[in-house]
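Residue numbers (our numbering), protein chains in the order written: chain B, 1 to 173; chain V, 174 to 556.
It should be emphasised that the hints constitute simulated quantities derived from the structure, not laboratory data.
A portion of the hints provided could be inaccurate.
Mimicking BS3-like on lysine-lysine, the simulated pairs with C-alpha atoms at most 30 angstroms apart in a straight line are [to be verified]: (1) K35/B <-> K366/V; (2) K218/V <-> K77/B; (3) K60/B <-> K218/V; (4) K31/B <-> K379/V; (5) K77/B <-> K397/V; (6) K379/V <-> K77/B; (7) K35/B <-> K379/V; (8) K31/B <-> K89/B.
Predicted, not measured: the structure shown is a model, and the values here were computed from it.
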Amino acid sequence: MKLSQKITSYPGHEITPEDVKDGKYLDVVYKFEPKYSWAAGVAISRFLADLKEGRIIARKCMNCERILVPPRMYCEKCFRPTDEWVHIKDTGTVNTYSISHVGTDARRLKTPILVAVVDLDGATPGMGILHNLGEIEPSKIKVGMKVKAVWKSSSERQGAITDIRYFKPVGEE
Amino acid sequence: MPLRIGIVGVGHSGFDSMTPGLSTRELMFEAASRAYEDAGIDPRKDVQSFICCTEDFWEGISITDEYMPDQLGAVLRPLCTISSDGIVGLATACMHIMSGIADVAVVESHSKISDVLNPDEISSFALDPIYTHHVNADPRFVAGLEMARYLKETATRREFCAQVAVKNKKNALLNPRGVHGANLDKEAVLNSKVAASPLTELESSKTIDGSIVFVLASAQKAKKLGNHTVWINGIGWSSDTPLIEDRDMARAAYAEQSAARAYKMAGVRNPATYFDLAEVDDTYSYKELQSLEALKLAAKGKAGKMVESGSFDRDGRLPVNASGGSLGVGHMLEATGLHRVLEAVLQLRGQAGRLQIPGAKKAVVQSWRGIPTATGAVAVLGN
Numbered sequence: 001m002k003l004s005q006k007i008t009s010y011p012g013h014e015i016t017p018e019d020v021k022d023g024k025y026l027d028v029v030y031k032f033e034p035k036y037s038w039a040a041g042v043a044i045s046r047f048l049a050d051l052k053e054g055r056i057i058a059r060k061c062m063n064c065e066r067i068l069v070p071p072r073m074y075c076e077k078c079f080r081p082t083d084e085w086v087h088i089k090d091t092g093t094v095n096t097y098s099i100s101h102v103g104t105d106a107r108r109l110k111t112p113i114l115v116a117v118v119d120l121d122g123a124t125p126g127m128g129i130l131h132n133l134g135e136i137e138p139s140k141i142k143v144g145m146k147v148k149a150v151w152k153s154s155s156e157r158q159g160a161i162t163d164i165r166y167f168k169p170v171g172e173e
Numbered sequence: 174m175p176l177r178i179g180i181v182g183v184g185h186s187g188f189d190s191m192t193p194g195l196s197t198r199e200l201m202f203e204a205a206s207r208a209y210e211d212a213g214i215d216p217r218k219d220v221q222s223f224i225c226c227t228e229d230f231w232e233g234i235s236i237t238d239e240y241m242p243d244q245l246g247a248v249l250r251p252l253c254t255i256s257s258d259g260i261v262g263l264a265t266a267c268m269h270i271m272s273g274i275a276d277v278a279v280v281e282s283h284s285k286i287s288d289v290l291n292p293d294e295i296s297s298f299a300l301d302p303i304y305t306h307h308v309n310a311d312p313r314f315v316a317g318l319e320m321a322r323y324l325k326e327t328a329t330r331r332e333f334c335a336q337v338a339v340k341n342k343k344n345a346l347l348n349p350r351g352v353h354g355a356n357l358d359k360e361a362v363l364n365s366k367v368a369a370s371p372l373t374e375l376e377s378s379k380t381i382d383g384s385i386v387f388v389l390a391s392a393q394k395a396k397k398l399g400n401h402t403v404w405i406n407g408i409g410w411s412s413d414t415p416l417i418e419d420r421d422m423a424r425a426a427y428a429e430q431s432a433a434r435a436y437k438m439a440g441v442r443n444p445a446t447y448f449d450l451a452e453v454d455d456t457y458s459y460k461e462l463q464s465l466e467a468l469k470l471a472a473k474g475k476a477g478k479m480v481e482s483g484s485f486d487r488d489g490r491l492p493v494n495a496s497g498g499s500l501g502v503g504h505m506l507e508a509t510g511l512h513r514v515l516e517a518v519l520q521l522r523g524q525a526g527r528l529q530i531p532g533a534k535k536a537v538v539q540s541w542r543g544i545p546t547a548t549g550a551v552a553v554l555g556n
């Protein structure tokens with residue numbers, strides 16, 4: 001039973017679509033259209049260029065010895081410049097996940113979106129990438145499961161985070 | 174007793190029309206690293222309050238506050254963002270220090286306007302959506318309206334406004350940050366294209382990218398930090414009504430009130446003779462004249478004549494925007510106030526290079542948030 005099923009009337013005056021159409025309530029409609037072209041910067045430009053090549057690149061901080069992904073030119077913990085580029089693997093472990101049943105327009109989705117944080121192999125534990133999961137039944141997803149990136153073909157890749165289609169499960173134990 | 178908060182570190186980056194090679198965050202890291210080195214502090218240990226002055230629509234990210242910590246060394250530290258001019262951020266830092274919440278506070282503001290493809294859409298969107306937004310023109314028409322009323326009420330001659338642009342653009346040629354420096358004459362300024370009458374294009378500042386970071390400290394702590402402390406002795410800020418048609422268009426009333434508060438705090442009785450330099454709002458040429466009168470650095474209606482006679486030149490009685498101001502250096506959105514403070518601090522430290530005003534000891538700085546706002550702030554600085 002729906003929670004609202006028992007309620008027969010709500011307090012106040014209900015506005016009908018006709019009221020709005022008849023101009024009983026006035027408003028002003030405007031579509032705001034700002035446009036941006038964000039400079040990716042040193043670290044993310046290299047990261048995207050490497051995605052185009054089908055690789056994931058990170059930065060290493062020699063002070064705390066963490067391998068940071070997504071890469072950045074500064075270590076936020078040590079507040080110093082990071083030191084070197086390190087290629088890491090496109091495999092990892094599901095740190096956490098959520099199965100989203102609601103779209104951005106608040107409608108129920110026919111096919112749920114599988115969102116996960118994947119701790120990438122080769123990066124410092126706890127660092128990774130937020131992406132989608134695929135080739136898996138939602139009910140089979142588990143925290144701790146091993147996954148691998150499924151890439152677009154090299155001709156399709158354009159230097160974007162979506163060059164990775166999704167992560168799929170590997171080597172089911 | 175005057176306010177006594179020390180500016181113990183400054184750092185800046187960018188100051189270019191475009192910075193395509195760096196992300197906003199990388200630009201900020203560069204400025205912050207320099208400021209912390211200048212102050213001799215470790216942001217991970219020595220700072221109890223971080224304040225950013227940004228506005229979501231300029232950033233192109235909503236709730237942009239959340240993207241500020243990493244590049245300032247502020248991860249898991251107290252940080253807040255203020256959607257106003259950088260001098261309001263300095264005022265907030267002063268309050269955090271005076272209240273005992275912080276001994277050392279950091280204030281950052283930046284412009285990454287080169288990331289914004291249609292900035293006029295954003296300024297225009299700041300107009301009242303129901304009452305004013307119907308005017309489908311470059312939002313500088315608001316400046317045109319103010320300027321026309323100012324010229325009429327004060328009987329200021331049109332060419333005196335042009336002289337502001339000539340002076341500031343010329344000053345900027347000596348400033349390594351002076352992106353829009355130029356050697357022009359009044360005819361060139363007056364004959365440049367009309368943006369919104371009577372305002373011309375060369376009387377409108379152009380935007381640039383950059384980040385500016387200040388490290389502030391309590392009087393006690395400042396003694397142990399940095400080598401060139403400049404003191405904030407008074408600070409004030411104020412907002413007029415957002416209804417454009419209900420404001421006094423000829424006056425910068427927000428600046429009058431901000432100045433009155435800052436002067437009272439600093440014990441400034443006769444502003445016209447008190448200061449060695451002033452960095453004031455010159456987003457548009459007439460704004461400098463309006464601001465000088467609001468700050469009581471010129472009598473009502475007399476600022477234009479004084480600019481014309483050279484009183485506000487670099488070697489004049491009171492150098493005004495010796496840095497080149499926004500007309501000569503560039504406009505930096507919410508960081509514009511911090512840019513003016515930066516130039517004043519370098520002067521009071523004796524580090525202004527070829528711009529240096531010999532023996533500068535006292536400065537007044539004033540900012541305005543730009544079209545269509547009527548918000549401004551004033552700081553009184555001393556060394």
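Cross-check of the supplied hints:
| no. | hint | in the structure |
| --- | --- | --- |
| 1 | K35/B <-> K366/V | holds, 26 angstroms |
| 2 | K218/V <-> K77/B | holds, 11 angstroms |
| 3 | K60/B <-> K218/V | holds, 22 angstroms |
| 4 | K31/B <-> K379/V | holds, 27 angstroms |
| 5 | K77/B <-> K397/V | holds, 25 angstroms |
| 6 | K379/V <-> K77/B | violated, 37 angstroms |
| 7 | K35/B <-> K379/V | holds, 19 angstroms |
| 8 | K31/B <-> K89/B | violated, 43 angstroms |
When the structure is compared with the earlier hints, violations turn up for hints 6, 8 and for no others.
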